[in-house]
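A.B. asks: Protein chains in written order, with the numbering used here: chain A, 27 to 139; chain B, -7 to 107.
Treat the hints as calculated values from the structure; they're not laboratory data. Note that the structure is predicted; figures quoted are calculated from it, not measured. Even glycine gets a Cβ: it sits at the ideal position worked out from N, Cα and C. Incorrect hints may appear among the rest.
[Unchecked claim] Each pair of labels, with its calculated beta carbon distance range:
1. B:I48 with A:F78: 41 to 49 angstroms
2. A:T96 with B:V107: 29 to 37 angstroms
3. B:N9 with A:G42: 47 to 55 angstroms
[Stated by the list, open to error] One-sided and incomplete, this derived list gives chain B residues near chain A with beta-carbon spacing under 8 angstroms:
4. G20
5. S42
6. G95
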Amino acid sequence: KNQVEQSPQSLIILEGKNCTLQCNYTVSPFSNLRWYKQDTGRGPVSLTIMTFSENTKSNGRYTATLDADTKQSSLHITASQLSDSASYICVVRPGDNFNKFYFGSGTKLNVKP
Amino acid sequence: DTEVTQTPKHLVMGMTNKKSLKCEQHMGHRAMYWYKQKAKKPPELMFVYSYEKLSINESVPSRFSPECPNSSLLNLHLHALQPEDSALYLCASSPGIPVTGYGYTFGSGTRLTVV
């Protein structure tokens, strides 16, 4: 069964600290994995997208990693800011159905001053 | 243009009203999607249009009626909704062809409240 699981469900950190969010998936065959940031009441905004041949991709203070062998991805946030408070969603696209995407339940990040 | 535009941003409607949500993209994407998202939950797929044809309907009640007039536009017609239909409605698009390295582009959503 194709699934995407994210951990932790929620996270509280102090401003300036680093954190890492996890995404494990069982989707097969695999096409790509995308991390989105979603502010409350707004649409998700793409942070990074990774295909099976990519191990690391950065977007400013956000760095995503992908291990296609273990089917794990992480999103590392460096020097967190208050504006990083949001939900972070991992979305996996299978390789055999390009109209079907699998969503994780998200990690709710709260950055406190 | 790399955006998906949704209108209106907020909508309050009564249970007997008829309203429509609109979504527009000019990226040449050939797949467009409607999602419903309740608070603190991931988006739930409602409909998928592929090359202007309805390809997926996730058993959505008939009070929601999608329409894809052309490759750039996607509508969601609402009629006789219930209060539990209150949610954030998200539109998304993707190239719709088996190209690796592509995911969704989401709109900013319509916050719908049914009273």
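A.B. asks: Of the hints stated earlier, which fail here?
C.D. replies: Hints 1, 2, 4 contradicted; others consistent.
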